[in-house]
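A.B. asks: Chains as they are written, first to last, in the numbering used here: chain A, 1 to 140; chain B, 1001 to 1161; chain C, 2001 to 2188; chain D, 3001 to 3477.
Be a bit skeptical, because a hint or two may be false.
[Claimed, not checked] Using 25 angstroms as the maximum straight-line C-alpha spacing, the simulated SDA-like pairs for lysine to any residue come out as follows:
(1) D/K3432 x C/G2118
(2) D/K3318 x C/D2028
(3) C/K2092 x D/P3406
(4) D/K3428 x D/V3175
(5) C/K2092 x D/K3428
(6) D/K3376 x D/E3139
(7) D/K3318 x D/L3362
(8) A/K39 x B/F1059
(9) C/K2108 x D/L3334
(10) C/K2170 x D/L3141
(11) B/K1017 x A/I30
(12) B/K1094 x A/P49
(13) A/K112 x D/P3459
(14) D/K3336 x A/V130
(15) A/K39 x B/A1091
(16) D/K3336 x A/D133
(17) D/K3376 x D/S3388
(18) D/K3428 x C/Q2055
(19) B/K1094 x A/N33
(20) D/K3428 x C/R2091
(21) C/K2108 x D/E3329
(22) D/K3336 x D/N3279
(23) C/K2170 x D/T3148
(24) D/K3428 x C/S2046
[Said to hold, decoys possible] Part of the chain C face toward chain D, derived, beta carbon under 8 angstroms:
(25) Q2055
(26) E2078
(27) F2080
(28) V2086
(29) T2107
(30) Y2130
(31) I2157
(32) V2158
(33) L2159
(34) V2174
It is worth saying that the hints were derived from the structure and are not from the lab.
Backbone N, C-alpha and C fix where the C-beta goes; we use that ideal spot for every residue, glycine too.
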Amino acid sequence: MDLLAYLPIALMFILGLVFAVAAMWMSWRIAPNNPTPEKLAPYECGIVPLQEPVERFPVKFYLVAMLFVIFDVEIIFLFAWAVRMDEFGWAGIAAVGIFMLLLIETLGYVWKRGALDWNVAHRARYRRVVAPDAQVEEAA
Amino acid sequence: MAGEVHNPNFLLTTLDKGVSWTRTRSMWPATFGLACCAIEMMATGAAHHDLARFGMEVFRASPRQADLMVVAGRLSQKMAPVLRQVYDQMAEPKWVISMGACASTGGMFNNYALVQGVDEIVPVDVYVPGCPPGPQSLMHGILTLQDKIMAGEIRRSTGLL
Amino acid sequence: MTEETTAQEEPQETDEAAEETIPRVLPDDPILARLAEPFPNVVFTSFEPLAGARQDTAIVSRGELIAFVEAVKDAGFETFIDVCSVDHLNRKPRYDVVINLLSMQHTKRLIVKVGVPGDDPTVQSISPIYAGANFYEREVWDLMGIVFEGHPDLTRIVLPDEWEGHPLRKDYSVGSVPVQFKGSHKSS
Amino acid sequence: MSDTPNNTEGDAQAPTLEPPTGSADGSLDAAERRRVHDIWVAGTEEPDWIANATDEGAQELLPRDMDPALQIQRGIAVDDDFVDEPIVVEDERQILNMGPQHPATHGVLRLHLELDGETIRRVKPIIGYLHTGMEKTAENLTYMQGGTNVTRMDYLSPLNNELCYALAVEQLLGVEIPPRAQAIRILMTELNRIASHLIWVATFGMDIGALSMMIYGFRDREAILAFFEKVTGLRMNHNYIRPGGVAADLPEGWEEDIDGIFDIVGSGLDDYVDLLNRNPIFLDRTRGVGVLTPEEAQAYGVTGPAARASGVNFDLRKAFPYSGIEQYEFDVPLGKHGDTLDRYLVRMEEMRQSLRIVQQVLETMPPGDYRTDDRKVTPPPRKRIDESMEALIHHFKLFTEGFKAPAGEVYQAVESPRGELGMHLVSKGGSKPWRLHARTPSFAIVQALPVMLTDQIVPDVIATLASLDPVLGDVDR
Chain A
1 MDLLAYLPIA LMFILGLVFA VAAMWMSWRI APNNPTPEKL APYECGIVPL QEPVERFPVK
61 FYLVAMLFVI FDVEIIFLFA WAVRMDEFGW AGIAAVGIFM LLLIETLGYV WKRGALDWNV
121 AHRARYRRVV APDAQVEEAA
Chain B
1001 MAGEVHNPNF LLTTLDKGVS WTRTRSMWPA TFGLACCAIE MMATGAAHHD LARFGMEVFR
1061 ASPRQADLMV VAGRLSQKMA PVLRQVYDQM AEPKWVISMG ACASTGGMFN NYALVQGVDE
1121 IVPVDVYVPG CPPGPQSLMH GILTLQDKIM AGEIRRSTGL L
Chain C
2001 MTEETTAQEE PQETDEAAEE TIPRVLPDDP ILARLAEPFP NVVFTSFEPL AGARQDTAIV
2061 SRGELIAFVE AVKDAGFETF IDVCSVDHLN RKPRYDVVIN LLSMQHTKRL IVKVGVPGDD
2121 PTVQSISPIY AGANFYEREV WDLMGIVFEG HPDLTRIVLP DEWEGHPLRK DYSVGSVPVQ
2181 FKGSHKSS
Chain D
3001 MSDTPNNTEG DAQAPTLEPP TGSADGSLDA AERRRVHDIW VAGTEEPDWI ANATDEGAQE
3061 LLPRDMDPAL QIQRGIAVDD DFVDEPIVVE DERQILNMGP QHPATHGVLR LHLELDGETI
3121 RRVKPIIGYL HTGMEKTAEN LTYMQGGTNV TRMDYLSPLN NELCYALAVE QLLGVEIPPR
3181 AQAIRILMTE LNRIASHLIW VATFGMDIGA LSMMIYGFRD REAILAFFEK VTGLRMNHNY
3241 IRPGGVAADL PEGWEEDIDG IFDIVGSGLD DYVDLLNRNP IFLDRTRGVG VLTPEEAQAY
3301 GVTGPAARAS GVNFDLRKAF PYSGIEQYEF DVPLGKHGDT LDRYLVRMEE MRQSLRIVQQ
3361 VLETMPPGDY RTDDRKVTPP PRKRIDESME ALIHHFKLFT EGFKAPAGEV YQAVESPRGE
3421 LGMHLVSKGG SKPWRLHART PSFAIVQALP VMLTDQIVPD VIATLASLDP VLGDVDR
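If we strip away everything but chain A, and leave its shape as in the complex, we get:
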């Protein structure tokens, strides 16, 4: 069993390890490191905050993050198809079409439910400039 054939792989693995460890060790030894309390405090444009910032972030940020993950993963799946697109022919396109349709449908639902709406267009001042003639019933 010629283990020798696997020598380059082992060497590459070791080299990678050595390089990683050396880089980390170099920066640990050379770079100065003194974590002062101010340095660990959150940065608020130079103002000293009295308490830690709030942990409860509005849910809208979480929604946008989730949507990004969904559509990003979708693109990754497309890669596999895109590489050999011509060999798959119409069957491939059909499969991907169905896959894409599902996701576009979720996008439509999410858009209609208002997850992507940062209520910019709901403002009276904005409406008056962007669509002055649209007769929207002003708040009483």
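Here the structure of chain A is known, so what remains is to put chains B, C and D in place on it, guided by the hints.
C.D. replies: The following block gives chains B, C and D in isolation, referenced to the frame of chain A:
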């Protein structure tokens, strides 16, 4: 760097010189523009005088990603704690250039409102004279700081390297 | 032309009790004339400089400031320009609060001056009439120490919160650090 | 006592400023959804539900249920800006600082934001981080030295400050300025307006995302600064316009330099128009953002391009002409909606008008003396000093003790690139001003920020602030 070179193909240098060289050639300044000197600092950073030639490609806004703080302008009493806070939140190794007469000594405003010199608040490495110092003087200040870093030692070495 | 400005000087001493020595002359300008009728003891003076606008000044007593400013606003001075203060130190009403108003329709300017005594430096705030007076009155309070009654948020605006004293008063020193070289001015 | 300015030329559908109708007896529960935004009130203790608060105790945001009478007294009751139901969750509230050290606040302005997700519910501008005590310093400098102090207030247009100060002192002195000095003053201040607007275009573009605008703006401005350096000796803070005229005459060949500036700035302006005016991203970021109605502009004293973008037709160079500007014809650009896009269009047009004025000054530059020959006010020429004893005495007295101005109180205003810059000068006859108050335009703009920024999202705050172009040296003095 290293003085005499026997063989032109070899470059002999010490670790100190090597690391200092890397530090000086890509110092990112933190924008601490206060008053008129900030306009001259922006003009130095813009296309005509171009600070990018000295490795200062971009002015980082947050102190976390900045190595050099250029205090450009007059420091008022109300701004002093903010300056100290931003300086503390910068990661080592960090340096300070006090740009302009007002930052260095309170300048022409010797009154109740200004801190008479930034060095009362933060340790300053290079003072750039002028009111406001032209782009050339600021660049001269930056080059002086780079020479200063090259001469200094990187860290008190504690025995085993 | 200079006696014109000096004439402007002495009415300030007597704005509290408008004596008869100054003849009750109605300003020639129609708008100001209409404005002046209902306010007998408001002294109108005007100063024609060489360059720039004719400067009409109305010296009002503290009591009727709000009524007068409202009348001025209805008379067409819809733009608020400025509130500032002057410390005359040893003049009888020590401070002067100077309100600067502008009428864009008639392109006219009016400066309303109120004498404020040194021992009780309070005056009515005009921010309910001109919303723009908020920051300006806070700055006058911060630097000069004149309290504006009815101001929604009279806190320091320009100086740090814990600052004592009001720097623009004449008896407040410049606070300059004595410079090292010989013969420099002492810290005045 | 409703605060309704009888303003005639505001367009019909802009709202007038009356307190909320449903609050005849002061209680606001009737119009629950029409919550009233105060601008700020402090001094009362902090309620527990605001998650956290930063320091500067006295200037905290007031709790929501403040006394309605104070709201009426506020004069400006900014109605809740949502047309239909607002998608805002009440309890996830956060207080953040767009603080003094921030890339997009154009200096050391601090905005104390109360955020609901991305929507800003309340804003409080906190200033004073660049307070230099200039008005106190002005009381210790003679009239000759005053220019150096005043020119550092609005550091983007130093020559306008000097012109305003010089005109105020000349009013007191009653001294006559030769026509050539007046023409040089107009030339320099209009070039300064273009340089200031070029910096504004640079930072405005960069804040909105067009990063290359920063490079173009500063590149074109260098041409004007080179001309300033040639004429006045300094790129900024020139102390060139002094009481009695200007410091030095224009150097030979200044006409060619001005033609050079025409080519660079003229072609630059055309490039910016092609780059930005029909760029969909730019239009989406600026249309309908940061709206200021004409009544609010007048009530807050906002003047200059910010007010003209809202349709307030008022320019000091037309209304109260100074230093001989009435002989040049130029027109005043006006906007309709008062949003960020209109402010951009107004300023770009203003740069073209300033170029027109500089062109006319170039053609009709009168010959003659560049400062008044009244030796009580301006120093005699250098070579005269060793010829005549009297010139030496004048020179000595002027530079040691300065000239004495008669007692009086003067207000002089000038149209600076940001609005009406006024100097209130009180003199008691000495050689130093008794009191100098500078009415600066940026102070009024910063004060009007809450009206424009409420209920906007955070990126719009940056676009609005960039379009208003506040200079913090102006604000804090």
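A.B. asks: Each hint: holds or not?
C.D. replies: Taking the hints in turn, this is what the structure says about them:
| no. | hint | verdict |
| --- | --- | --- |
| 1 | D/K3432 x C/G2118 | 23 angstroms, holds |
| 2 | D/K3318 x C/D2028 | 24 angstroms, holds |
| 3 | C/K2092 x D/P3406 | 21 angstroms, holds |
| 4 | D/K3428 x D/V3175 | 18 angstroms, holds |
| 5 | C/K2092 x D/K3428 | 15 angstroms, holds |
| 6 | D/K3376 x D/E3139 | 21 angstroms, holds |
| 7 | D/K3318 x D/L3362 | 20 angstroms, holds |
| 8 | A/K39 x B/F1059 | 20 angstroms, holds |
| 9 | C/K2108 x D/L3334 | 21 angstroms, holds |
| 10 | C/K2170 x D/L3141 | 15 angstroms, holds |
| 11 | B/K1017 x A/I30 | 13 angstroms, holds |
| 12 | B/K1094 x A/P49 | 23 angstroms, holds |
| 13 | A/K112 x D/P3459 | 23 angstroms, holds |
| 14 | D/K3336 x A/V130 | 12 angstroms, holds |
| 15 | A/K39 x B/A1091 | 8 angstroms, holds |
| 16 | D/K3336 x A/D133 | 14 angstroms, holds |
| 17 | D/K3376 x D/S3388 | 15 angstroms, holds |
| 18 | D/K3428 x C/Q2055 | 18 angstroms, holds |
| 19 | B/K1094 x A/N33 | 12 angstroms, holds |
| 20 | D/K3428 x C/R2091 | 12 angstroms, holds |
| 21 | C/K2108 x D/E3329 | 22 angstroms, holds |
| 22 | D/K3336 x D/N3279 | 20 angstroms, holds |
| 23 | C/K2170 x D/T3148 | 22 angstroms, holds |
| 24 | D/K3428 x C/S2046 | 18 angstroms, holds |
| 25 | Q2055 | 6 angstroms, holds |
| 26 | E2078 | 4 angstroms, holds |
| 27 | F2080 | 4 angstroms, holds |
| 28 | V2086 | 5 angstroms, holds |
| 29 | T2107 | 5 angstroms, holds |
| 30 | Y2130 | 6 angstroms, holds |
| 31 | I2157 | 6 angstroms, holds |
| 32 | V2158 | 4 angstroms, holds |
| 33 | L2159 | 6 angstroms, holds |
| 34 | V2174 | 6 angstroms, holds |
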